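There are 2 protein chains.
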Amino acid sequence: MTTFVVVGGDAAGMSAASKAKRDDPELDVVVFERGEWVSYGACGLPYYVKGEIQSLEHLVSVTPEAFREERDIDLRTGHEVVAIDPDDRTVTAEHEGGETVQPYDRLLLATGSESVVPPIDGTELEGVYTLGSMSDGKELREYVARARDGDTLQQPDRGPACRYLEDCAGPVGIVGGGYIGVEMAEALAANGFEVNLFQRGERVLTGFSDATSEAVADHLRERDVVVHLGTDVQTLTGGDRVETVVTVDERIDVEMVLLGTGVRPRTALAEDAGIALGETGAIETDAYRETNVSDVYAAGDCAESAHVVTGEPVYVPLALTANRHGRAVGQTVTGKPTEGGAVAGTAAVKAFDIEAARTGILDHEAARAAGFDPVSETVTANSRAGYYPEGGTVTVTLTADRETGRILGASLVSEYGEGAVHRSHAIVAALTEAATVSDLENYDLAYAPPFNTTWDPVLVAAKVLSGTVR
Amino acid sequence: MTTFVVVGGDAAGMSAASKAKRDDPELDVVVFERGEWVSYGACGLPYYVKGEIQSLEHLVSVTPEAFREERDIDLRTGHEVVAIDPDDRTVTAEHEGGETVQPYDRLLLATGSESVVPPIDGTELEGVYTLGSMSDGKELREYVARARDGDTLQQPDRGPACRYLEDCAGPVGIVGGGYIGVEMAEALAANGFEVNLFQRGERVLTGFSDATSEAVADHLRERDVVVHLGTDVQTLTGGDRVETVVTVDERIDVEMVLLGTGVRPRTALAEDAGIALGETGAIETDAYRETNVSDVYAAGDCAESAHVVTGEPVYVPLALTANRHGRAVGQTVTGKPTEGGAVAGTAAVKAFDIEAARTGILDHEAARAAGFDPVSETVTANSRAGYYPEGGTVTVTLTADRETGRILGASLVSEYGEGAVHRSHAIVAALTEAATVSDLENYDLAYAPPFNTTWDPVLVAAKVLSGTVR
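If you read the protein sequences in the order shown, they are chains A and B.
In terms of our numbering, the first sequence opens at residue 200 and continues consecutively.
In terms of our numbering, the second sequence opens at residue 200 and continues consecutively.
Everything labelled a hint here was simulated from the structure, so no lab data went into it.
One or more of the hints may lead you astray.
Pairs count within a copy or across copies, as identical chains cannot be separated in the list.
Below, computed lysine to any residue pairings styled on SDA-like, alpha-carbon distance capped at 25 Å [as the list claims (entries may be wrong)]:
id: 1; residue 1: 337; residue 2: 235
id: 2; residue 1: 662; residue 2: 536
id: 3; residue 1: 662; residue 2: 632
id: 4; residue 1: 662; residue 2: 485
id: 5; residue 1: 535; residue 2: 201
id: 6; residue 1: 662; residue 2: 633
id: 7; residue 1: 662; residue 2: 222
id: 8; residue 1: 662; residue 2: 260
id: 9; residue 1: 662; residue 2: 578
id: 10; residue 1: 337; residue 2: 585
id: 11; residue 1: 662; residue 2: 422
Predicted, not measured: the structure shown is a model, and the values here were computed from it.
Input sequences plus hints: build the corresponding full structure.
See the structure below:
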């Protein structure tokens, strides 16, 4: 019997395991997961902490029992793989009962990512959190519940964020203005915390356009989040618990700190086994997710991917890629070689009553490095017919190559519900197909007054940029 | 001085006039419009009749004064062009003061469409309406206002639709279950009318998928619209006013009837001048919208377009095409030949709390006629992460060619606000780029829990169909 072994039981791992077993029921599929949770939606953690999702179990799309019983997958939770021997074709897993040596014919590394803790003093203090795992989410939610009950923390003078709750919790700090930082600003402010968001660079959501970053920062401020831009956090101080965020200019009292300073791939296991990393620091693979070691694959947050515009390897650890590439590996190891496609670096974020999406290459320096001559235009247009009783605006930044007109990237922002995110889909399609702004300008997009203007804002952006390229 | 003459002052005509004048300020641009309204959003008329838009003026995007004064266009409302002489290169316009003979160097016919009145007895009765023009909209709104005041009509027993208003108006009939019929069902039911919708075929919105049609019909019924499917209206009877809709099976008392039985291109003026029509009955043009007569162009609802999937001429009279092709003609006549692109037959509709979109070739017979071997799949999936507190479902029907996997068309339906319409944009892009279902399956679409599932429903449909093609 052929054995397919998977290390890591989240999106990439369980997608691969499920697909492989479905396509080849004779295959022996063994999954090692060091924790107890599998196949969960980490992207939902901010909404769990916020209190909109009642139980961590709700984030689990398929339970361990269902994998075992319904899908006939040999899923071993609480098993940490500590070594791979590519010559013997075995992995060694440690667990409560001891150690298991498991032979494999095909192996998938789906070891995921871990939160980056910035190299500053004080991150080990109590009250300093990250949000990379289900247990992180659990701890944060418990902290929020305690703070709201007021049983463990002081209740200093309350800021304006307290309009959300009668009984307000104290000031907190978020280090990092990426999408975790922004989503958690909403989650914490909605629970009555006075939120200080510290962003090293001059704008939040640096992967998005300037226009999007400004719209989001403005909106965060409208919702009483104190946004500190261009602010390097130097140290966190306190006794046992964190008490102060120290920057170059200021000392800000806080009752907790969330570190939202990105993630890095978990690669130690692979490196120890002689599996090559790419320039991004994540595991290098070919288009089929196979590593430099034959029959060893890598997918999801531990691996790099090719960028759809540049063709170059990039590290974009996001859920859809993990699912897609995991599934592709499941097909490949059962005899149907499947690439699973490139990534566009597409991301979406909600912050209070605003939504934003980005895709492709927006940064002009990055575009030039890839051989393009980038040009961008930003337009703000009505999200629905001007006469329609509902509606807002969508701001679209579109970037293309001046010479060829090829679309390179886009960033969109609108009020929540006004369609910035779903509108980005057309641009993802366009840049994946290497379409030009003229092509996009002529797309026969759906129109009716409750949904857009005759020229959808995406088409307006293409029209305007079309006058700039060439 | 070169003169560009435009016949018809709505979307195509005013787009062409504005673009031509902007690109070549020296150009003499003359527009003849037989009515008083120009550049208006006819798509907004159902919402005006419903009462959500307070004034017809709100539907006007640019006023005649602004065209004249700000854009320096010689716009002559109340001027009906009655003849074109291609040899002399003149048009003859009749107006209150008499007749004008206007020379042209380039001519655009943007004469639009007119409502089709079905060939049955009784359509001339009072109380029988169409909704093709601003004056139609005005009459209907006045009717609704009168009926609601109860000053001119009987008030028979009220049906369940009366839950919308305390004071209810009587039963009305809508002939035709296309998007005008569906939108007007909402507009009239929301005003307390008991609405009978008569559809000749077995489903409403025949250009959409079966699944979409069923979802919309079910929802109309939930909102107390009486949907009569497979029902041929044979005659309308009454004294001066319409009183009864007579079908094969039934006689239904009504106080008014709206005919929503489609439109046809206005082509008499073109035909009289020897301008060729295509097989669709609309004016035939090349890719630059030039007719068989040199320097005479046609765009908008009077002209046919090429279909993006089949390349064949089709008649799809919709607003975006009129705007796009009009604008392209404006560029072409000022020295920058511009095609303006093909059409995908994309359409969107809202009906109460449901939204739907369609694009491309869905009908298997039409696909086979175009040389494809069509195969379709329909999936229903969560519109947002299952654990997210908001959300509904999106039902996606996707059609592709079995042999090549090329995407041919799609139809989507969801609760209003759950994104069926904006999600269709990605599929429009994909089919315009001649992408396959495998391509679509691998698009790196934006994902976050408030907006979709990790695999957006569009990707789920592609995944499922991907297993069927080849």
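| request: Go through the numbered hints given earlier and state which of them the structure violates, listing their numbers in rising order. | output: 11
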